[in-house]
Amino acid sequence: MTDAVRVESLYKTYDTGTPVTALDGVSAAFEAGTFTAVMGPSGSGKSTLLQCAAGLDRPSAGRVFLGGAELTATGDTAMTKFRRERAGFVFQDYNLLPALTVEQNVVLPLRLARRRADRGRAREVLGTLGLAERAGELPERLSGGQRQRVAVARALVGRPAVIFADEPTGALDLRSAREVLALLRTTVRDFGRTVIMVTHDPMAAAYADTVLFLADGRLAGQLSAPTAEAVAAHLTELVAA
Amino acid sequence: MIAIALRTLRHRPGGFAATFLSAFLGAALLMAFASLLDTAAGADEASAESLGTTASVAGGWCLVIVVFAVTSTLSLAVRQRGDQFAVLRRAGATGPQLRRMIVGEAVAVAVLAAGVAVPVGLAGGRVLLGLLKDTGQVADGVGYAFGPVALAAGFGVTLIGAVIAGFATSRRTSRMGVKRERPRARRIAAGLFLGAAAGCAVLTATVMDGKGIDAMQTAGQAGIWGSLGLALLAPELLRLTGTSVRLASAVMPVTLFSGIATGTVYMQGIEDDAAAGQIQPDYARDIQTLNYVVVGMITVFVAIMLVNTLIAATVHRRREFAQLRLAGATRGQVTAMVAAEALRVTVTGILAGSAASLFTILPFGSARAGEIWPSASIAPYAVIAAIAVLLTATATLGTTRRSIRGPALPQA
Ligand SMILES: Nc1ncnc2c1ncn2[C@@H]1O[C@H](COP(=O)(O)OP(=O)(O)O)[C@@H](O)[C@H]1O
Ligand SMILES: [Mg+2]
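Here the protein sequences line up with chains A and B, keeping their order. Under the numbering used here, the letters of the first sequence match residues 1 to 241, in that order. Under the numbering used here, the letters of the second sequence match residues 1 to 412, in that order.
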C-alpha cells in the first residue's frame, strides 16, 4: 500500500512574543483510499497538523510527503502548485469568495491552476451534490449546509488525491452535517480518494476508518473502525489526563 | 486573475473608496499644476518661467504626498480583505498570482480615479492660471492649455504610485506562513527621509542663507521629509508613550498634517516679517498663495487618510466593543475608553509633527531672519493642533458610536 500523505517528526512553533509549540514531533502515515479523523482537545494542534500536512503552512522542522514526493523540500510557489494538483480543502467557515457565483467558486482552483475551467465538470459535481440549480447564485443566498456542499464541490472538482477538511461540520445543523459526512465517505469508497478530517465531534469521527488522537501537539492514541461511543470515551480520558 | 480581481472590486467597491478618493484628488492636483507646463509652451518667456516655477515647486512635493496617501489607503484596503486572500491562497493561488491580483486592482482604481480627475484638473489649472494673471505673474494674453504634460503627470504618477503600493502591500500578503510585520524596511525608509530632512535643513541654513525667499524651497522640503520620516516611525513613537501600536496608522496622518502645516505656516510668517519694507521678487505673492493652498490640500488628504484608518480600526474592533458591552460596560464607558485612546494618538501625532516642523522653521529662521527661534505668535500652532484634535475626535467618535449603537448583542 502506498501512503497518500506521510509526515515525519513534524514540529511547529508559533513565534508570537512567547513561542507556542503547536506540534511537538508528530509522525503519521495516511494510506491511500482511507478516511482518517483527527481528534483532540481544543488547542492540541489539529489544525496546525492539517495545514502542515496539506502544504498550507510550513512546519518548523520535519518532512511532509504528498503522493510520495517531498512537499517540504520546495519553495512557496512550487509548494502551492504541487498541492493544488493533488489536494482539495474544506474548512469550517466555507471559504467561498463572496464576489463569485457558486460555479465560479467551484472552478476557482482550476482557473488558478490554469487548467481548463471545464464547465461540464463543475456542473457534474454540483449536480451530484444537488446544487445544479444554484450554480449562478452568489454564496450569500445559500444556507450554511449548501455553502459547505459548494466547498466540497470545489474540493472535488480537480479530482485531487487527498481531501483535507478542518471541522467541516462545525458550523452545520445535524442534517447538513450528516450530508457532508456522507459525501466525504462516498468520495473515499466510490472514488478511491483519501480524506483527512479534523473534528471534535465523535459522531463525525465515526464516519472515518481510523481516528488519530492528538494532545499537546503529540500523538495520543489511535482507533480503528471507530464508534461514536469509543471515540467519546477515549477523548474523555485524554481531557482527564 | 485580473478578472477575479475586477469582480471582487465591483462586488464591494466601498472598500476602495478612500484609495479612489485620494488617487482622484491627487491626480486632479497634479494635472492642474502640470497643465501650467502645457500652458507655458505657448506663452512668452517671462510668463513661461513663472508658470514653470509654480508647477515644479508645488507639483514636486504634491507628488510625494499623493504617493504616500495612495499607498497608505491601498495597503489598508488590502489588509482589510486579508481573509479573502487567505481563501484564494487555500484555493491554490501562488504568491505571484496574488500579487498580480492586488496590483491589478490598484491599477484599475488608479486609472478610473485619474480618468474622473481630468475635468477637475482642467478646471483647477484654469483657476491657478487666473491667480497667476491676477498677481501679474503671467501676461493676460496667455491662453490656457491642458495637454500631454498634464495627462502624463496625472495618469503617470497615480499609476506608478498604485503599482508601487500594490507590490509593497502584496509582498506581505502573499508570503506563506505566519506573517509578522517586518519593521526593517520601514525603519530604513524613515532613516532615509530623516536624513533628507537634515540635509535640506543644513542646506537652508548654509547655502541658502541670504538668498531670501528662495530659501523656502529647501526649508519647505526639509519639513516634508521630516514629517514623512517621523510618520513612518509612528509605531516606535507609540511604544514610547505606552499606547497600543495598533493605532499607529492613525498617528501617521496626524504627524504629517501637524508637521507640514506648522512648518509651512510659520515659514510664511517668518517670510512676511522679514519681507516687510524690503523689495520683493514679484513671485513672492504667488508663493504665499501657494503655501496656503498647500496647507489646505494637506488638510484634505490627511482628513481622508485619518477618517479611513480610524473607521477601519474601529470596525475591526466591533467584536471587542460587543464583548465589553456584554460584560456590562455602558455605551458611555466604551466611548470614553475610545476617546482616551484617540487623545493619545492625537497628542503623539502633534508632538511628532511639531518636532518635524522644526526642520523647516529653525533653518529658515536662521537663513531669512537671522534668528533661529521665530518671534511669532503661538496662535497658528494652536489652530493647527485644534484642527488635528477635531479631525481625530470626529472620526473616532462618529465611527465608534455607529458600531456600538443598539443592544449589547454579540455581532458576527
Ligand atoms: N497563527 C498562530 N499564531 C500563534 N499561535 C497559534 C497560531 N495558530 C495556532 N496557534 C497556537 O497553536 C496551538 C495549536 O493550535 P491549533 O492547531 O489551531 O489547535 P486545534 O486546531 O487543535 O484547536 C494553540 O495553542 C494555538 O493557540
Ligand atoms: Mg482548529
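By construction, these hints were calculated from the structure, which means they are not laboratory data. Treat each hint with caution, since some may be false.
Derived SDA-like pairs (lysine to any residue); straight-line CA-CA distance at most 25 angstroms [unchecked claim]:
# : chain 1 : residue 1 : chain 2 : residue 2
1 : A       : Lys81     : B       : Glu45
2 : A       : Lys81     : B       : Val207
3 : A       : Lys81     : A       : Asp3
4 : A       : Lys81     : B       : Ala86
Pulled from the structure, derived: some chain B residues nowhere near chain A, Cβ distances all over 10 angstroms [to be verified]:
# : residue
5 : Ile4
6 : Gly147
7 : Ala275
8 : Leu343
9 : Glu371
Ideal placement from N, C-alpha and C gives every residue a C-beta, glycine not left out.
Problem - Hints that the structure is at odds with (numbers, increasing) - result: 1, 2, 5
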